[in-house]
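Colleague: Protein chains in written order, with UniProt numbering: chain A, 1 to 289; chain B, 1 to 289.
By construction, these hints were calculated from the structure, which means they are not laboratory data.
For clarity, every value in this text was computed on a predicted model and none was experimentally measured.
Idealized CB from N, CA, C, for every residue including glycine.
Hints should not be assumed to be uniformly reliable.
Examples of chain B residues lying across from chain A (beta carbon under 10 Å, computed) [as the list claims (entries may be wrong)]:
id, residue
1, LEU164
2, ALA172
3, PRO174
4, ARG186
5, HIS187
6, ILE188
7, LEU189
8, VAL191
9, ALA193
10, GLY196
11, ARG203
12, GLU206
13, MET207
14, VAL213
15, PRO216
Below are the chains, spelled out letter by letter.
2 protein chains.
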Amino acid sequence: MTVTAAAPGEGPLAMICGGGSLPLAVADAVAARGRRVVLFPLRGAAEGTPVERHSHHWIYVGQIGKFLRLARAEGCREVVFIGALVRPSIWQVHPDLVGLSFLPKVLRAFRGGDNHLLSGMGKLLEGEGLRLRGAHEVAPQILVPDGVLGRVQMTERDRADIALGLDYLHAAGPFDVGQAVIVAGRHILAVEAAEGTDGMLARMAEMRANGRVRAPRGAGVLVKAPKPHQDRRFDLPSVGPTTVEGAARAGLAGIAVIAGETVIAEPAAMTVAADKAGLFVVGVRGPAS
Amino acid sequence: MTVTAAAPGEGPLAMICGGGSLPLAVADAVAARGRRVVLFPLRGAAEGTPVERHSHHWIYVGQIGKFLRLARAEGCREVVFIGALVRPSIWQVHPDLVGLSFLPKVLRAFRGGDNHLLSGMGKLLEGEGLRLRGAHEVAPQILVPDGVLGRVQMTERDRADIALGLDYLHAAGPFDVGQAVIVAGRHILAVEAAEGTDGMLARMAEMRANGRVRAPRGAGVLVKAPKPHQDRRFDLPSVGPTTVEGAARAGLAGIAVIAGETVIAEPAAMTVAADKAGLFVVGVRGPAS
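When you get a sec, could you build the whole thing from the sequences and use the hints?
Modeller: Written out as structure tokens, the structure reads:
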């Protein structure tokens, strides 16, 4: 993977923003590098995000025509899609004429799990003169670095669990299934698919509570990695304080992600949360990188 | 896989029985073939099973010495382990002297997911003069046959989902993860690990209810297969009426399992339940067989 540093000379960056803390973290990181950002927060997903600190235009998911017009007027030639978009109801879509033609692809693009559609989406936008970039390209400082982030270190047992998890994710990659597993004592205890990482962590907590999993608390690692052939412009794995909270409730020892290929939301807050919970967070080099 | 039909001349069969309806279904099937069975229902797991219709001796999980003595006294030279044993608390183990030496292995054997330990358990029992057999060997009529079981047929779309599910399970096999996935529209929506098949089906129902999965009801297949190198004497996948109920609540189109390598609890009840719910149940030949 080549990380290209964004230069101010590239003009303002359009960012279509779903929910969660990640979009603003990326926007701030891009702005900190001296590049202007223009946010396009999505109605029904990005409410509550303090978008006011950047230029912004609220849009409905379906308003592709409006987005293209405004992005051009703002002088944007590059666009990033970022953030969660769960369950846009049909009333939140509001397609304009251009949106009507894009609509099915947009909805599926945000759902994740389909590289072909996402790449197709990129091609369509490029046909409109906009280049699709990954958050990791425009704000490389938001990527998880190599090594342990906080004060808690891994044990040898954790390393073995991480190695097994990475091997599994690599083998499962061609099936376009989830990006994460929980491994404890060299057993895979949970595999992420449509439920998402937070859902899987909640299940792990439940399985410990009901005795289905008897591994002691403080054993087990959340291992998260991009799919081997994933288009990193769209769907880079991300972790943040919420991930730490979920992992702590699940009784895990720590979290391992791929250095340089994982976005970290609120790194300072995440490190504090991990130290407080006694969890390690580590960026490793995986078989997929 | 070679299926060896059990002959009455092999003497009575000892069956160590956990919970669920499967142990008695197997016992009845063995008895129907003219072979006497001696049940060893496990306290804390098999309560509620109407064991009275066969010879039986209640034992605690840890009473291996008692089991060996009684099994020999009954003239048994072969033993089958079958049924669920979730969460035996430490007070339910009651190890005798022999049990104390076997204990760690027994507990782990019932947990599933570790072929080496299970095979080791088989070797240990063989050292005691007992041969460990699989339920599929002693009662081949309890295996799912080739083809559709009830009245509901598969569509081409279902076939494609089944093929993808089997490919995934084959690829994931070396990782000793779960035996089942849910596939809809050629997307893997759920992967089973420590939560078990019923847990995964419940999650799928929940993901439909909360909108996380938007596949229409009546789409998606539960695909279940033995692990590629699984010791089939211990841990053959099983399905039954409960599986049908779970799949119906999850809004699936049907259930696909490997013919000849899947145990079916209460086949008649399961077929009735599937027909009533409008689900297909099919035995297929998988890449693992």
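Colleague: Does GLY196/B hold up as a contact with chain A if the rule is Cβ-Cβ below 10 Å?
Modeller: 7 Å, holds
Colleague: Using the nearest Cβ pair, does ALA193/B come within less than 10 Å of chain A?
Modeller: Holds - the Cβ of ALA193/B comes within 10 Å of chain A, reaching about 5 Å at its closest.
Colleague: Would the hint on LEU189/B be counted as holding, given a Cβ-Cβ threshold of 10 Å to chain A?
Modeller: Holds, because the Cβ-Cβ distance from LEU189/B to chain A comes to roughly 4 Å (cut-off 10 Å).
Colleague: Would the stated hint for LEU164/B survive a check requiring a Cβ distance to chain A of less than 10 Å?
Modeller: At about 7 Å, which falls below the 10 Å cut-off, the nearest Cβ of chain A leaves the hint on LEU164/B intact, so it holds.
Colleague: Answer holds if the nearest beta-carbon of chain A is closer than 10 Å to that of VAL213/B; otherwise answer violated.
Modeller: Given a least distance of 5 Å, the restraint on VAL213/B holds.
Colleague: Does the nearest C-beta of chain A fall within a distance shorter than 10 Å of the C-beta of ARG186/B?
Modeller: Holds. Min distance 9 Å.
Colleague: Hold the hint about ILE188/B up to the distance rule: shortest CB distance to chain A must be less than 10 Å.
Modeller: 4 Å, holds
Colleague: Using Cβ atoms only, decide whether HIS187/B comes closer than 10 Å to chain A, and label the hint accordingly.
Modeller: Status holds, d = 6 Å.
Colleague: Holds or violated: is there a CB of chain A closer than 10 Å to the CB of VAL191/B?
Modeller: 4 Å, holds
Colleague: Tell me if PRO174/B is really an interface residue toward chain A, meaning its C-beta lies closer than 10 Å to one of theirs.
Modeller: 7 Å, holds
Colleague: Classify the hint on PRO216/B as holds or violated, based on whether any CB of chain A lies nearer than 10 Å to its CB.
Modeller: Where the cut-off is 10 Å and the nearest Cβ of chain A is about 14 Å from PRO216/B, the hint is violated.
Colleague: Holds or violated: the hint that MET207/B contacts chain A, with Cβ atoms closer than 10 Å.
Modeller: 6 Å, holds
Checked against the numbered hints above, the structure breaks only hint 15 and satisfies the rest.
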